[in-house]
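Engineer: Sequence:
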Amino acid sequence: MNYSDRYTAAEISKEHFRLALRFAERADTINRRKRTDKEKIRVGYLAADFYMHPVGKLMLPILEAHDRDCFHLSVYHDGDHEDATTQLTRQTVDPTNR
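No gaps in the numbering here: position 89 of the sequence shown is 77 in the working numbering, and each next residue is one more.
Simulated from the structure, these hints should not be mistaken for laboratory data.
As the structure is a computational prediction, the values presented were derived from the model and not from experiment.
Just so it is clear, CB atoms sit at the ideal spot from N, CA and C, and this is done for glycine as well.
Misleading hints may appear alongside valid ones.
Unchecked claim - Across the chosen pairs, the derived CB separations fall in these ranges:
| id | residue 1 | residue 2 | range |
| --- | --- | --- | --- |
| 1 | A35 | Y(-9) | 21 to 27 Å |
| 2 | G32 | E70 | 33 to 39 Å |
| 3 | S(-8) | L76 | 38 to 44 Å |
| 4 | H60 | R20 | 15 to 21 Å |
| 5 | R78 | E27 | 39 to 45 Å |
| 6 | K28 | R(-6) | 45 to 51 Å |
| 7 | S(-8) | G32 | 29 to 35 Å |
| 8 | L9 | Y33 | 43 to 49 Å |
| 9 | D68 | T(-4) | 37 to 43 Å |
| 10 | K22 | P49 | 38 to 44 Å |
| 11 | R78 | T(-4) | 42 to 48 Å |
| 12 | I50 | A(-2) | 35 to 41 Å |
To be verified - Below, simulated SDA-like cross-link-like pairs (lysine to any residue); rule was C-alpha separation at most 25 Å, straight line:
| id | residue 1 | residue 2 |
| --- | --- | --- |
| 13 | K26 | L46 |
| 14 | K28 | L61 |
| 15 | K45 | V31 |
| 16 | K26 | K45 |
| 17 | K28 | H69 |
| 18 | K22 | D82 |
| 19 | K26 | Q75 |
| 20 | K28 | T(-4) |
| 21 | K22 | D37 |
| 22 | K26 | D55 |
| 23 | K22 | L9 |
| 24 | K26 | S62 |
| 25 | K28 | K2 |
| 26 | K45 | A12 |
| 27 | K28 | L51 |
| 28 | K28 | Y64 |
| 29 | K45 | D55 |
| 30 | K45 | D66 |
| 31 | K28 | T80 |
| 32 | K28 | Q79 |
| 33 | K28 | L46 |
| 34 | K45 | G67 |
| 35 | K45 | P83 |
| 36 | K45 | T74 |
| 37 | K26 | C58 |
| 38 | K45 | T73 |
| 39 | K22 | H54 |
| 40 | K22 | D57 |
Can you make the complete structure from the sequences, with help from the hints?
Structural biologist: Written as structure tokens, this is what we have:
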């Protein structure tokens, strides 16, 4: 709809808000559990581009910047292409996800 010539900006906006109202309540159903002081926050990144690609190149410094005492990092590479950047990405995250 966003890229169609058949709809005006007002129509797109109206549809956006209609859908937002339809799905807004679902965000409140997240099960929030308390974590212990020593428990790390688990963060996972999914991409098909963890290789010499703009996404792969931009993600490496982000992965390296996480405080590893606070975060457990996982990457899920859903792509067929692998190279040195893919290997470096795997080395940057926690060993259980290599």
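Engineer: Evaluate each hint against the coordinates.
Structural biologist: Do the hints match the structure? See the list:
The hint said 21 to 27 Å for the Cβ distance between A35 and Y(-9), and at roughly 23 Å that hint holds. Here the CB-CB span from G32 to E70 is close to 19 Å, at odds with the stated 33 to 39 Å. Between S(-8) and L76 the beta carbon distance is about 41 Å. The supplied range of 38 to 44 Å therefore holds. For the pair H60 and R20, the beta carbons lie near 18 Å from each other, so the given range of 15 to 21 Å is met.
A C-beta distance of roughly 24 Å is found between R78 and E27, which places it outside the suggested range of 39 to 45 Å. For the hinted restraint 45 to 51 Å between K28 and R(-6), the CB-CB distance of approximately 48 Å keeps it satisfied. For S(-8) paired with G32, a C-beta distance near 34 Å keeps the hint of 29 to 35 Å intact. Hint check: L9 to Y33, Cβ distance near 30 Å, so the stated range 43 to 49 Å is violated.
Taken as a hint, the range 37 to 43 Å holds for the pair D68 and T(-4), whose Cβ atoms sit roughly 40 Å apart. Range check, K22 to P49: Cβ separation about 31 Å, and the 38 to 44 Å hint is violated. Between R78 and T(-4), the C-beta spacing of about 47 Å keeps the proposed range 42 to 48 Å intact. The supplied range of 35 to 41 Å is met by I50 and A(-2), whose beta-carbon atoms lie about 37 Å from each other.
A distance of roughly 29 Å separates the Cα atoms of K26 and L46; the hinted pair therefore is violated under the 25 Å criterion. For the hint linking K28 to L61, the alpha-carbon distance of about 9 Å falls within 25 Å, and the restraint holds. At most 25 Å may separate the alpha-carbon atoms for a hinted pair to count; K45 and V31 meet this at roughly 19 Å. Straight-line distance between C-alpha atoms of K26 and K45 comes to about 31 Å, which puts the hinted pair past the 25 Å bound.
With a C-alpha separation of about 31 Å, the suggested pair K28 and H69 falls outside the 25 Å cut-off, and the hint is violated. Between K22 and D82 the CA atoms are separated by roughly 22 Å; this keeps the pair inside 25 Å, and the hint holds. Distance check on the hinted pair: K26 and Q75 sit about 29 Å apart at the alpha-carbon level, beyond 25 Å; violated. Restraint check for K28 and T(-4): the C-alpha separation of about 46 Å exceeds 25 Å, so the hint is violated.
With a C-alpha separation of about 33 Å, the suggested pairing of K22 with D37 is violated against the 25 Å cut-off. The straight-line distance between the Cα atoms of K26 and D55 is roughly 13 Å, inside the 25 Å bound, and the hint therefore holds. As the CA atoms of K22 and L9 are separated by approximately 29 Å, the hinted pair breaks the 25 Å bound. This hinted pair checks out: K26 and S62 have alpha carbons roughly 18 Å apart, not beyond 25 Å.
Restraint check: the Cα-Cα separation between K28 and K2 comes to about 41 Å, which exceeds 25 Å; the hinted pair is violated. In summary, the hint linking K45 to A12 is not supported, as the alpha carbons are separated by about 34 Å, beyond the 25 Å threshold. For the given pair, K28 sits about 15 Å from L51 by alpha-carbon distance, which is consistent with the 25 Å threshold. The hinted pair formed by K28 and Y64 meets the criterion: a straight-line CA distance of about 19 Å does not exceed 25 Å.
A C-alpha spacing of about 19 Å is found between K45 and D55, which places the hinted pair at or below 25 Å, so the restraint holds. With a CA separation close to 16 Å, the supplied pair K45 and D66 stays within the 25 Å bound. With a CA separation close to 16 Å, the supplied pair K28 and T80 stays within the 25 Å bound. With a C-alpha separation of about 19 Å, the suggested pairing of K28 with Q79 holds against the 25 Å cut-off.
In summary, the hint linking K28 to L46 is supported, as the alpha carbons are separated by about 24 Å, within the 25 Å threshold. As the CA atoms of K45 and G67 are separated by approximately 15 Å, the hinted pair is consistent with the 25 Å bound. Taking the CA atoms of K45 and P83, the gap is about 20 Å. The hint holds against a cut of 25 Å. For the hint linking K45 to T74, the alpha-carbon distance of about 10 Å falls within 25 Å, and the restraint holds.
Distance check on the hinted pair: K26 and C58 sit about 8 Å apart at the alpha-carbon level, within 25 Å; holds. Straight-line distance between C-alpha atoms of K45 and T73 comes to about 8 Å, which keeps the hinted pair within the 25 Å bound. For the suggested pair K22 and H54, the alpha carbons sit about 21 Å apart, so the restraint of at most 25 Å is met. Only pairs whose Cα atoms come within 25 Å are accepted, and K22 paired with D57 is accepted, the gap being roughly 18 Å.
The structure shown violates the earlier hints numbered 2, 5, 8, 10, 13, 16, 17, 19, 20, 21, 23, 25, 26.
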